[in-house]
Amino acid sequence: MQDLENELRGLVAEIIEKDPSMVTLDAKFFQDLGVDSMMTLEILAAIEKKYKISIPEERLPQMTTLREVLNIAQEYLAKRGQNV
Amino acid sequence: MFDITAIQKFLPQRFPFLMIDRVLELDPGKKVVACKNVSINEGFFAGHFPGKPIMPGVLIIESMAQAAIMLFYSDREHIDKKKNLLLGSVKVRFLHPVFPGDQLKISVEPLKITSAAAIVSVSAQVENQEVAKGELALSIKDE
Chain U
1 MQDLENELRG
11 LVAEIIEKDP
21 SMVTLDAKFF
31 QDLGVDSMMT
41 LEILAAIEKK
51 YKISIPEERL
61 PQMTTLREVL
71 NIAQEYLAKR
81 GQNV
Chain V
85 MFDITAIQKF
95 LPQRFPFLMI
105 DRVLELDPGK
115 KVVACKNVSI
125 NEGFFAGHFP
135 GKPIMPGVLI
145 IESMAQAAIM
155 LFYSDREHID
165 KKKNLLLGSV
175 KVRFLHPVFP
185 GDQLKISVEP
195 LKITSAAAIV
205 SVSAQVENQE
215 VAKGELALSI
225 KDE
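Protein chains in written order, with my numbering: chain U, 1 to 84; chain V, 85 to 227.
Calculated directly from the structure, the hints in this document are not laboratory data.
Glycine included, every Cβ here is placed at the ideal spot set by N, Cα and C.
Any given hint could turn out to be false.
Claimed, not checked - Here are the simulated lysine-lysine pairs, BS3-like style, with alpha carbons at most 25 Å apart:
#1 165(V) - 52(U)
#2 196(V) - 136(V)
#3 165(V) - 225(V)
#4 18(U) - 196(V)
#5 165(V) - 50(U)
Claimed, not checked - Some chain U residues near chain V, calculated using beta-carbon distances under 10 Å:
#6 25
#7 57
#8 60
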């Protein structure tokens, strides 16, 4: 859980070109970190690639903080687990 | 496979900025291979560089981006020309220079495509040698 959070923090920070320390669980991507919709899609694509999961684009609007990203990643990681 | 007339139905770019000449392969939503013939008559060679013509890397990226638009539209029935096409991110490495007389073969494959955006992996080759490769992110927006 903690590992996944830190991995995702690193992944998000790299894409949005901010220091990981700024990507707190509740920092708002759009307002606090200057993230736009294109970067959000890049985050989604990077998570899909890294964890070999598939996240539908309907979830994009929910990806507004690291906490939400973490929740969504966990949800689809769990689904992948069931399918194996 | 797609000549210039067909390409112009997909791409809004025109002279002097239509940067692909032919589509060689098209697997809708999965892969596009396009060709750009690089002629000494290209205007940019006059200044880039005088006496030492080399195709500017940013224009190789433009060719890649236009091939990516073809891929993005290839599995869509309706193309709304009022929407703006925007390049959001470019990560490209240049491996070899491109000279007049070269034929750029550009391959584009999707990494992620949504209804309004695409992240694609791109590669450009000249005579089977890779000259540039990378990733582009593009989107369409109303305006």
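Here is how each hint holds up against the structure:
| no. | hint | verdict |
| --- | --- | --- |
| 1 | 165(V) - 52(U) | 35 Å, violated |
| 2 | 196(V) - 136(V) | 39 Å, violated |
| 3 | 165(V) - 225(V) | 11 Å, holds |
| 4 | 18(U) - 196(V) | 23 Å, holds |
| 5 | 165(V) - 50(U) | 35 Å, violated |
| 6 | 25 | 25 Å, violated |
| 7 | 57 | 4 Å, holds |
| 8 | 60 | 7 Å, holds |
In this structure, the earlier hints numbered 1, 2, 5 and 6 are contradicted, and the remaining ones agree with it.
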